[in-house]
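Asks: Here is what each chain is made of, one letter per residue.
There are 2 protein chains.
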Amino acid sequence: MTDEVVTAAMLAIGDELLSGRTKDKNIGHLADILTAIGIDLEEVRIVPDEEDRIVEALNALRERYEYVFTSGGIGPTHDDITADAVAKAFDVPCEHDAAAMKLMGDNYAARGMEFTESRQRMARMPRGSAHIANPVSTAPGFHIGNVYVMAGVPSVFQAMLDNVIPTLRVGKKLLSRSVNCPFGEGAIAVPLRNIQAIHPDTIIGSYPKYENGKFSTELVIRAREEEKLLAAESAVKEMVADIATQSAQ
Amino acid sequence: MTDEVVTAAMLAIGDELLSGRTKDKNIGHLADILTAIGIDLEEVRIVPDEEDRIVEALNALRERYEYVFTSGGIGPTHDDITADAVAKAFDVPCEHDAAAMKLMGDNYAARGMEFTESRQRMARMPRGSAHIANPVSTAPGFHIGNVYVMAGVPSVFQAMLDNVIPTLRVGKKLLSRSVNCPFGEGAIAVPLRNIQAIHPDTIIGSYPKYENGKFSTELVIRAREEEKLLAAESAVKEMVADIATQSAQ
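Those protein sequences? They're chains A and B, same order as listed.
Residues in the first sequence are numbered from 1 upward in steps of one, following UniProt numbering.
Residues in the second sequence are numbered from 1 upward in steps of one, following UniProt numbering.
Since the hints were derived computationally from the structure, they do not count as laboratory data.
Hints are not guaranteed to be accurate.
Under the rule of at most 30 Å between Cα atoms (straight-line distance), these lysine-lysine pairs were calculated in the DSSO-like manner [stated by the list, open to error]:
hint, chain 1, residue 1, chain 2, residue 2
1, B, 25, A, 25
2, B, 25, A, 214
3, B, 23, B, 214
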């Protein structure tokens, strides 16, 4: 059973996410992709651009989950400290990677631009890292151990993630079905709890929505076995129909 | 100096945030509001609807930060376990709050609806909690110690937060100025690092954007003293103008 579940965490790095200046788009994207391929995202943390905080969070997460994905802090400016922090977490030196220097040097040369010391900073990574290709802007992300370090700019994060995904071990997909329920949670809580009890190999979530002064609910059934998924879905649909009949009487 | 800074963390609770089904809107909203009133949001965690995980994260955060705000898991259904988890973290019983029972009972009576056992579940809170009023749908959030427990539905979260904000101790606001820079980070990293070194009481962040195949950068200067903010802002603007002149030559 254990092999069926592959777990992951995300560490989003950046003062701008905590100040509200930037609204994160990478967490939701990663969540969507991992769910689709059969990896369970089990925890997310957002921390500021501070080395100790990044090291602490990264060490907590990489020990606990099979994969950790980070976003942000790998550019050339003084506030980009993710590579150093990851190296510190792994207790290895952070150094200019020869292959990244070559790749980026060639790219800047081809564009007639100087490969300055700050640009070279983007070629720094923890010793022992492998590249994550960056088709958008060349400077690679990297992975070391079970940690995948990617850019914060969403288009670059997504492009890097596309290159990482095919290399990951995946578990059995958590399948899901969604049932719209026109009633608030108070009206369905008891029968829904019973359905959950009768279908223990499913996870039934109830998500209230509040629109135009009225609550409705989206009921989401999740399971790794299709048969169990469909059985619970039927029970949920029947419950919604029963309540509709009762309330029409 | 210590008194000038008031810190906070957020704990967003819910499987749906980790599966990608729901894209969180509360983190960004809380970040905006706290920044505006002078509280520094220093960490965010997202955890699933699992009691142990909520307890562990909550205890880590409430010890470290002056305030902790939670979202999600306070409805009437079986997957709403936040009140129990918070009670467990504080090692107090989770019980039906008499004032909440009265408030909600009256409200359901006025609407001609039955105050069922599941609806009564929403009146449960850790012993010793105080209410957070819910002008949208009556069932109150609560706070205990330095932890503020609010709904996950964004309109309800926001309404509850509006009631919490005036009661919080605030620090000196972190003021900010933003300078648009038409160059990528590689072009500005060295002079920007120098400006940061010369203006140590400011925090200068560099946020790359990638649009239409070209990088530009937003430079954000933050400081608690307006004078220091404006001095660093001038230096950043001058830097951008200098690079523009050089690249035009």
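Asks: Work down the list of hints and note, for each, if the structure agrees.
Replies: A quick look at each hint next to the structure:
no., hint, in the structure
1, B:25 / A:25, "11 Å, holds"
2, B:25 / A:214, "20 Å, holds"
3, B:23 / B:214, "28 Å, holds"
In summary, this structure violates none of the numbered hints.
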